[in-house]
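Chemist: Chains H and Y, in that order, are what the protein sequence lines are.
To convert a position in the first sequence, counted from 1, into this note's numbering, add 68.
To convert a position in the second sequence, counted from 1, into this note's numbering, add 1.
Calculated directly from the structure, the hints in this document are not laboratory data.
Please read all numbers here as calculations on a predicted model, not as lab measurements.
For every residue, glycine included, the Cβ atom is placed at its ideal position computed from N, Cα and C.
It is possible that part of the hints are untrue.
[Said to hold, decoys possible] To spell it out: a stretch of chain H is covered by chain Y in this simulated footprint if at least three of its residues, at any positions, have a beta carbon under 8 Å from a beta carbon of chain Y; those stretches are:
#1 101-115
#2 320-329
#3 350-356
[Claimed, not checked] Have a look at the derived ranges for each label pair, beta carbon to beta carbon:
#4 ARG124/H with GLU7/Y: 14 to 24 Å
#5 LEU63/Y with GLU475/H: 46 to 56 Å
#6 LEU6/Y with GLN319/H: 41 to 51 Å
#7 GLU359/H with LEU6/Y: 25 to 35 Å
#8 LEU32/Y with PHE100/H: 40 to 50 Å
#9 PRO116/H with VAL94/Y: 16 to 26 Å
#10 GLY34/Y with LYS337/H: 28 to 38 Å
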Amino acid sequence: MSRNDWEVVIGLEVHAQLNTASKIFSGASTAFGSEPNRQASAVDIALPGVLPVLNRGAVERAIRFGLAIDAQVAPKSVFARKNYFYPDLPKGYQISQFELPVVSGGTITIRVGEGDKAYEKTVNLTRAHLEEDAGKSLHEDFHGMSGIDLNRAGTPLLEIVSEPDMRSSAEAVAYARALHALVRWIEICDGNMQEGSFRCDANVSVRRPGGPLGTRREIKNLNSFRFLQQAIDFEVQWQIERLEDGGTIQQATVLFDPDTGETRVMRTKEDAHDYRYFPDPDLMPLVIVPEWIDRVREQLPELPAAMKARFIDDYGLSAYDATTLTASREVATYYQAAVDAAGQAQAKTCANWVMGDLAARLNKAELDVTASPVSPTQLAGLVTRIADNTISNAIGKKVFDALWNGEGDSADDIIEAQGLKQVTDSGAIEAMIDEVLAANQKSVDEFRAGKEKAFNALVGQVMKASRGKANPAQVNEILRRKLGG
Amino acid sequence: MSLSLEDVRKISSLARLDLSESDAEATRSKLNGILELVEQMQAIDTSGVEPMSHPQDVAQRLRDDAVTETDRRDDFQRVAPQTEAGLYLVPKVIE
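Full structure from sequences and hints, please.
Modeler: Encoded structure:
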């Protein structure tokens with residue numbers, strides 16, 4: 069028996085913190101990192117007699133998400149109380165949505181793997197609902213007590229639940245990444261995983277291919293894509309080994325320990341929470357009229373899937389290039405600006421520069437594309453000069469470095485100031501070739517004796533003599549003519 | 002449907018209520034009274050009636066996304082049993 073005899077089934081629940089200025093049910097600030105409890109209002113700390121008032125901005129972000137994944141936005145949805153006792157939940161219940169969520173259905177298309185083995189897959193979503201976050205418990209030493217910070221209490225969350233459609237940790241990570249890129253693309257969540265703005269829970273089970281679903285275990289609170297992958301891989305291996313040893317899987321909630329790379333049980337089904345959901349009498353049903361949905365739709369930016377299709381159809385890019393360039397809105401915006409300035413005919417060249425030299429430089433300098441020293445207009449200027457033969461590709465890289473280092477405002481400035489313009493005057497090139505031939509009789513003899521390598525050496529000498537500025541195609545042509553006699 | 006004493010114990014434990022033997026029995030009979038009332042209501046034919054989540058047929062009012070609250074931590078913490086470094090202190094809980 070091996071892993072190949074088992075099918076892995078994964079569904080994800082993602083909590084995306086919505087980037088509103090104020091909380092979902094109070095006018096307290098949601099800014100991260102303030103002193104403990106300075107942003108916890110009377111509503112957030114659940115003083116008696118307070119009432120929640122729903123934030124329009126949070127609802128609008130849920131609508132944006134629903135439209136972006138082509139889901140149904142409920143004309144009427146309901147807030148419910150999820151009851152449990154924990155000190156960082158001062159009301160004794162979390163306001164969430166249960167039977168009637170604001171968003172139902174929808175799909176996200178993911179691209180998994182690399183190279184020839186890469187494939188696309190559509191993941192179905194079950195629902196997305198609005199809810200409030202809890203506060204934070206600090207268990208460090210407070211004389212044997214726990215410290216409670218309620219600044220995060222009441223921060224709006226969108227809980228996004230997928231169908232159990234993923235069949236490997238790679239698919240789960242691809243889905244989580246696509247979702248992460250999407251919520252940032254439509255500007256509803258900052259996606260900061262260190263600060264907990266985007267947290268994943270993974271439901272994992274294994275079964276015989278085609279058989280009934282196995283019992284699942286839920287891995288809680290994974291806050292990086294690497295941990296998501298590691299936790300699922302460990303969990304899958306653990307479940308398979310247990311089943312093959314004749315054991316059974318008990319439904320449980322588990323935690324991943326990044327230090328050991330293992331999952332461990334937090335609670336089993338017997339002591340699972342009984343949340344006793346019921347509609348919150350403090351809140352009326354949330355009604356979303358079609359006109360509101362239409363308004364939100366008009367304000368949506370072009371979505372990554374549509375942009376990717378346009379790059380393939382209109383710009384002739386490969387699926388891989390189009391996926392890479394639309395992996396984040398920042399890169400896509402940069403690329404689009406470069407193509408707009410350079411012209412659609414240069415779309416493929418622009419893609420090569422953005423994914424090649426620019427990406428490498430940004431990566432090395434640990435810079436985000438929005439902080440690139442080379443602007444899209446400058447890159448377009450450079451691409452244009454290569455396309456019209458003012459400079460060669462090799463000199464282009466030099467000009468790119470100069471732009472990066474701020475040696476000039478535009479490719480034209482640098483070409484002019486540093487005398488990099490390509491030499492296309494055939495008389496001048498011929499003169500250089502004559503000099504090189506006279507000085508390299510040995511190579512000439514070798515070429516005439518049939519050694520093709522010697523020809524390349526001569527080309528190299530001519531390029532060197534021209535300091536890289538001679539048009540390589542012309543050099544080749546004239547040199548061959550002269551040697552061929 | 003009627004609740005057993007065991008059901009009552011489970012419900013009281015979920016609600017963190019420490020009921021004595023006699024209180025548990027009294028609570029059981031009160032809760033069963035409520036359930037009987039529900040049973041009577043269930044006799045009414047409600048087919049074709051859309052369930053409501055709230056007795057009033059109105060929509061939730063929304064507020065604009067703006068910060069309107071000021072920092073009142075000192076006021077709030079004055080009535081808390083124990084605080085330190087801006088945190089509320091509670092008996093240690095680790096799940």
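Chemist: For every hint, state whether the structure bears it out.
Modeler: Hint check:
Counting residues of the region 101-115 of chain H whose C-beta sits closer than 8 Å to any C-beta of chain Y gives 10, which meets the bar of three, so the coverage hint holds. Requiring three or more residues with a Cβ within less than 8 Å of a Cβ of chain Y, the coverage given for the region 320-329 of chain H is violated, as only 0 such residues are present. Note: the region 350-356 of chain H has 5 residues with beta-carbon separation from chain Y under 8 Å; the three-residue rule is met and the coverage holds. Look at ARG124/H against GLU7/Y: about 46 Å separates their beta carbons, and that is not inside 14 to 24 Å.
Taking the beta carbon of each, LEU63/Y and GLU475/H are about 54 Å apart, inside 46 to 56 Å as hinted. Taken as a hint, the range 41 to 51 Å is violated for the pair LEU6/Y and GLN319/H, whose Cβ atoms sit roughly 28 Å apart. A hinted range of 25 to 35 Å is violated for the C-beta pair GLU359/H and LEU6/Y, which are about 55 Å apart. Between LEU32/Y and PHE100/H the C-beta distance comes to about 44 Å, which sits within the given range of 40 to 50 Å.
Look at PRO116/H against VAL94/Y: about 23 Å separates their beta carbons, and that is inside 16 to 26 Å. For GLY34/Y and LYS337/H, the hinted distance range of 28 to 38 Å is satisfied, since their beta carbons lie about 32 Å from each other.
In summary, the numbered hints that this structure violates are 2, 4, 6 and 7.
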